[in-house]
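Generate the whole structure from the sequences, applying the supplied hints.
Sequences listed follow chains A and B, in order.
Under our numbering, think of the first position of the first sequence as 1301, with each following residue one higher.
Under our numbering, think of the first position of the second sequence as 1301, with each following residue one higher.
None of these hints come from the bench; they were simulated from the model.
Wrong hints could be hidden among the right ones.
Since copy identity is lost for identical chains, a pair holds within one copy or between any two.
Claimed, not checked - The calculated lysine to any residue pairs, modelled on SDA-like cross-linking and capped at a C-alpha distance of 20 angstroms, are:
no.: 1; residue 1: Lys1596; residue 2: Glu1308
no.: 2; residue 1: Lys1411; residue 2: Glu1479
no.: 3; residue 1: Lys1439; residue 2: Gly1450
no.: 4; residue 1: Lys1411; residue 2: Arg1481
no.: 5; residue 1: Lys1312; residue 2: Asp1302
2 protein chains.
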Amino acid sequence: MDNKDFNEELNKRAEYCGEVVKRFLPEKEGYASRVCEAMEYSVLAGGKRLRPVLMLETYNLFCREEDSASLEALEHFMAAIEMIHTYSLVHDDLPAMDNDEYRRGKLTTWKRYGEGMGVLAGDGLLNLAFETIAGALNKAYNPLKIELTGRCIRAAGILSEKAGYLGMIGGQCADLEAEGRETPADIDELLYIHEHKTACLIEAALMVGGILGGAGADEIEKLERIGSNVGLAFQIRDDILDVTGNSKELGKNVGSDAANGKATYVSINGLEASDKEVQRLSEEAEKLLETFPGEKGFIRDLIASLILRTK
Amino acid sequence: MDNKDFNEELNKRAEYCGEVVKRFLPEKEGYASRVCEAMEYSVLAGGKRLRPVLMLETYNLFCREEDSASLEALEHFMAAIEMIHTYSLVHDDLPAMDNDEYRRGKLTTWKRYGEGMGVLAGDGLLNLAFETIAGALNKAYNPLKIELTGRCIRAAGILSEKAGYLGMIGGQCADLEAEGRETPADIDELLYIHEHKTACLIEAALMVGGILGGAGADEIEKLERIGSNVGLAFQIRDDILDVTGNSKELGKNVGSDAANGKATYVSINGLEASDKEVQRLSEEAEKLLETFPGEKGFIRDLIASLILRTK
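Written as structure tokens, this is what we have:
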């Protein structure tokens, strides 16, 4: 697929994923309208909808026939993972954490709605993610046709675990701890942070898509490894761009990690080894991907675009 | 049951519920140990374990025979509701919300572990609640014996909804909004806050206990009304005690609501009408309770102790 076609396709899918999440957002009325407004503001502030797009594409790899029941369940999970990703950004931006006032050129949620509402909007989104998953389970439940229920249950287990203390929250904890210290993180700690703070939700996206699409246990394991490689390569690439990138193209200051005395993959291992590691992770992911059935063109291009991006 | 026996029984059950929650708390090791420590600190800081006790007692009303599978599922939900209650306190205490430094005589989580870790510990507990529910679903799932799965799915839907923007988070939003304004809340808004911030999780405790114990749809509806009455009466009683109570017995200053210019049921309707309303709510709850089968002595005493307490 050439670059222009790929970007068009990606935009189309991201837009569809945005529409899906929107469908699950609450009405803004009554005494709770303010928190609902803040939740909506946070979700609609933009973003590439990367996690639901990856989930959808993985589902399509394995589910080769139209199946409206599993597709409906998938949409619930697509919305849920985007809500979880969004809540993590909303809380990350709080004064108690990164103290960011802008994200993607817009005021952050706490800056726009106040700090207390920032806390509540994040809580509301995390909770709504699980309400949405419970909705998928309720719809899928059918005593005479129980397989989809089983898949949804496995998917709920994986998504909640990858978002929790063994996953994303664990990574945020380690990141917060490292930032509060004088000594920068060493390579093990840095890898832990990258793998948990970023890679875990990518893994969950691929695994949930696979499970709902009917992938087997071996395939789910491969999807987890692909997700881990892609997430880690994405973060190392981030570290590389912080040194070599173009501020204008990136939309943020280059060299900010070094200026903040923050350990990065590049500061620890150097540029050349970092480039090599991205290459290695990416090749391994691609090899694993090739073992799957189905049309892999778009998802291959998507993964490559994440890893090899210049912005 | 006389007062001494009742208190002994209540303590025994609260202790059992505390043990149950503890079983689902994470190991404190590795790079995420700090957030796990803060989560444990928050849960073990004490508390009456009211919600899991109510859930357990309601379950026992309906499940008259030993059934280890549904009891195991129940324990997951008992732990989950206590985690949700605890996270709501941890986030409520944050500087961005109530800015409390002590709770039950101990430092609040953010004061002990820092503000960022306070945010993360709350997130971690809310997420863990749903991991724990997903665990119940995974264990209950059995294609040949699907009824318990169905019950767990309904319970997950109710607990997540009662904790979310239509429930507890909605109440917190309205409370935060009212506190940020010059004009105190009117009676509709105050009732909304009490019903959502407090009553919704009490409703969920009773409903989930009923569902897992095998209660029918009519009975679940009654349990919701009992929970609503108990939660509301509990809060009005709180407002009454703020005027008539004994500071030493209550462990907090009497008259603090009036001093803060906060609307309460008493400030709007007066003491006499407040007492009458508590009486009315309590009698209605008791009447509904009497329509159920089973030994109701303890749960009746428990509800009475909540509503008629002097501290």
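These are the hints, each one checked on the structure:
| no. | hint | in the structure |
| --- | --- | --- |
| 1 | Lys1596 with Glu1308 | within (17 angstroms within a copy, 64 angstroms between copies) |
| 2 | Lys1411 with Glu1479 | between (22 angstroms within a copy, 18 angstroms between copies) |
| 3 | Lys1439 with Gly1450 | both (13 angstroms within a copy, 11 angstroms between copies) |
| 4 | Lys1411 with Arg1481 | between (27 angstroms within a copy, 18 angstroms between copies) |
| 5 | Lys1312 with Asp1302 | within (16 angstroms within a copy, 69 angstroms between copies) |
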